[in-house]
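Student: The chain contents come next:
Number of protein chains: 2
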Amino acid sequence: MAKEITPRATDYARWYTDVVLKSQLADYSPVKGCMVIRPNGYALWENIQKTLDGMFKETGHVNAYFPLFIPKSFLAKEAEHVEGFAKECAIVTHTRLKATGESGHMSVVPDPESALEEELVVRPTSETIIYSMFAKWVQSWRDLPILLNQWANIVRWEMRTRLFLRTTEFLWQEGHTAHATHEEAEEEVLRILEIYRRFAEDYLALPVLTGVKTEKEKFAGALRTYAIEALMQDGRALQAGTSHDLGQNFARAFDVRFQAASGGWEHVWNTSWGVSTRLIGAVVMAHGDDDGLILPPRIAPLQAVIVPIWRNDEQQRETVAAAREIEGRLRRAGVSVRVDDRDSVNPGFKYAEWELRGVPLRLELGPRDVASGSVMAVSRLDRSKTPLPWDGLGESVPALLEAIQGALFERARQRREETTRGVDSWEAFVAGVESGGFLLARHCGGTECEVQIQDETKATVRVIPPDRPDDPGPCVRCGAPAAGRVVFARAY
Amino acid sequence: MAKEITPRATDYARWYTDVVLKSQLADYSPVKGCMVIRPNGYALWENIQKTLDGMFKETGHVNAYFPLFIPKSFLAKEAEHVEGFAKECAIVTHTRLKATGESGHMSVVPDPESALEEELVVRPTSETIIYSMFAKWVQSWRDLPILLNQWANIVRWEMRTRLFLRTTEFLWQEGHTAHATHEEAEEEVLRILEIYRRFAEDYLALPVLTGVKTEKEKFAGALRTYAIEALMQDGRALQAGTSHDLGQNFARAFDVRFQAASGGWEHVWNTSWGVSTRLIGAVVMAHGDDDGLILPPRIAPLQAVIVPIWRNDEQQRETVAAAREIEGRLRRAGVSVRVDDRDSVNPGFKYAEWELRGVPLRLELGPRDVASGSVMAVSRLDRSKTPLPWDGLGESVPALLEAIQGALFERARQRREETTRGVDSWEAFVAGVESGGFLLARHCGGTECEVQIQDETKATVRVIPPDRPDDPGPCVRCGAPAAGRVVFARAY
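For the record, the sequence lines run as chains X and Y.
Residue numbers for the first sequence follow numbering that gives the first Met the number 0, so the first one is 0 and each next one is one higher.
Residue numbers for the second sequence follow numbering that gives the first Met the number 0, so the first one is 0 and each next one is one higher.
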């Protein structure tokens, strides 16, 4: 396997695509904008799912499944919502194909007689179909709260796509809840935001900023959108998860009402929130290097690989047997591990392959290691070597993995700290956007001014930080009074 | 909660729908033919997924994800395949909605300018899109076998739908493999068939027949289809899973070739196999009674419910505290259990509700039970009561659950044995179909004769049993010579 990964410094975008394709996380499909998630990528998604699903269930949420198709009239019921999604949706219009043309040159076309009375939209998000069901299920305050989550595929007809980060179809989870009061809904929105932050930082090793989106950047139909924002190695931001306070907008559109304990009828308060397979792209971009992926041990499908090294048959038998023995011990200690005992390729080839795939720890095991009862652990992070005695591997390997997890986070955090700074003048802002990172700049809060800034620099407001200190001054772009600073960056 | 379940004897179809809706497994959605899988139903699906996914992984399969959309020309590449699916597929033709009409009477329509160059079909199954990727990934015999599985949603535009059993959209898993030889492919097909049989019998408590489908009933594009067939309480059969030997049909259509160890280029041999959310319908229909669901303990999301019983505050404190203590012990023993300590409803109401939901075991706990250090276990199967001392609950409750699991299977097996019989005359066949069950009848093997039988009786060949004994005689319908007997029944 030739590596041929474009170095990050040469072309970061090509580096990313090279890593995703060569590590076999994903591949392009014959359908424009849709990707195939290959087993290496899907195993990561399974680990992400398992962890997040556990967090949702611990906080009282249950899973359900709603239809893929949404009648177009449903989308149109919430004005901002349809405005936000109308331009990028797949529309089903027919239900039969019929053959046409001569035998030998046959093709199939939609059968005009199978045209649907009302066209269906492939879900770009499920607020409308889900809240139409809530209207049926909710009668009294006793039916609240409803705390649902759905793992599903989503389609948004994107013009410019990029593996994992922006694809026409993607996988995600979408939470949908209904509450009796706005206060409870807001608590839920923040509870989920905190779950997302904790998951990103503790599992993906991605330090994130949390905060509120501006009116311009909020979800179409929400009262208020919260988000977690990560920073990639090229200095661009990536929105990694959103949690929306929907107010009563959808409850009014779909007439989701309940009889309150006091007797009157009121509309429910909804929240929705989601993270997607985009997180996999974030992990690649935040941690990878010119040799390939670097996966955080807590979500790596394979945490360690044991490579036995031999020069003759006897050494092969000996090192492979020892490798199997160590594999067994590590598995019992809960480590996901395998032995690479292929004899068709040499150890150097194996090292490169497992580095490309981002396995956090390599355990090299030669005849001398067998003789001394030890194994050489090599970190994917920096190739630092640690000889480990066989005794206690069940503790030393998990400890090394945790150390790598911590170091990955710390490295990403330092990168972010180094590229996060306040800017006050427009010149410094423009130069700052070019060099990347998070810019803390005062903004007047006007949407027109925000659009202007994006048009001129491609930078957007990523979040308004929570509890930001009063720091009044002139807006970085228009000079109008601003109460404090917001976070700007170019984003994926 | 009024029960109002139509008794099975009055109207089996209405009984089924009543049970599914009232136990909140699923609900009708606003989209024709699509259902909402509610949390009670989805939790069952999660347990089915977890168990099957483990079985697939143990046998070397890995999960991946392929696009929802299939270019229509792909479907058309395999002649039988497109013939089989063209009449029931959702077709995406446009990618934007635009507003039309006056303000106040606005509606949205597909924007003609967004018409796709090539229409896309929402996957009715994924052979074509997956094997087009295999063509890209397979070069040499070293790349084989490929053993993939996908958990996904599927759309088939069905005219007559029924919750879980036949819906326009459903959830399933579809395995797709590629092998160097036909022999290996056939081994895989049978390995999976055995996994399906084992899962159906050991987890769903569904005794199944296994065998081969006739030419008429096989999968569109397969060389040969194997299936597991279960029998419902009304005497109708239900196909619960299929495993297809696809031969080289799709490999030829998509040019999936590999260089053999001997040097020449050969087409791969494919298999595909699947089970779906239909299994949930099978569990309802096979085990439920006039009081509601009966769930097999091994897949029941909730295996036991503890109902404390009190007449005054002191008793309430006492019984609820004991219930919590028992809940903790059972959880530590791996039992999925909860305490129903609501004081808004009485114990009788709770019993009915948990019976409706099919919880296998109810543990009643009154003041006298607390005094004697025991609890009364009531089986959902037959309401038989077993007093259990608190000591040893961690063993006695799992043992009772296993006994219920076994009894459920045995009851279903006996029902099947009682309604499985040989018939030789056409008159006996017609009468037999009316009364239900599996009929073992000789058949000539002709597709025309098979169609005739279906037209006249609505019965179809469910399977040709494997290793059936030679039992020559005249075809039950046309009198032509038949080598042996096949299994007929009316089916869902």
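Treat the hints as calculated values from the structure; they're not laboratory data.
In this text, a Cβ means the ideal position worked out from N, Cα and C, and glycines have one as well.
Any given hint could turn out to be false.
[As the list claims (entries may be wrong)] Quick look at which bits of chain Y chain X covers, simulated, 3 or more residues with Cβ under 8 Å:
1. 115 to 128
2. 144 to 154
3. 412 to 420
Student: State for each hint whether it applies.
Tutor: Checked hints:
no.: 1; hint: 115 to 128; verdict: holds (count 5)
no.: 2; hint: 144 to 154; verdict: holds (count 4)
no.: 3; hint: 412 to 420; verdict: violated (count 0)
Hint 3 alone, counting from the list given before, is not met by this structure.
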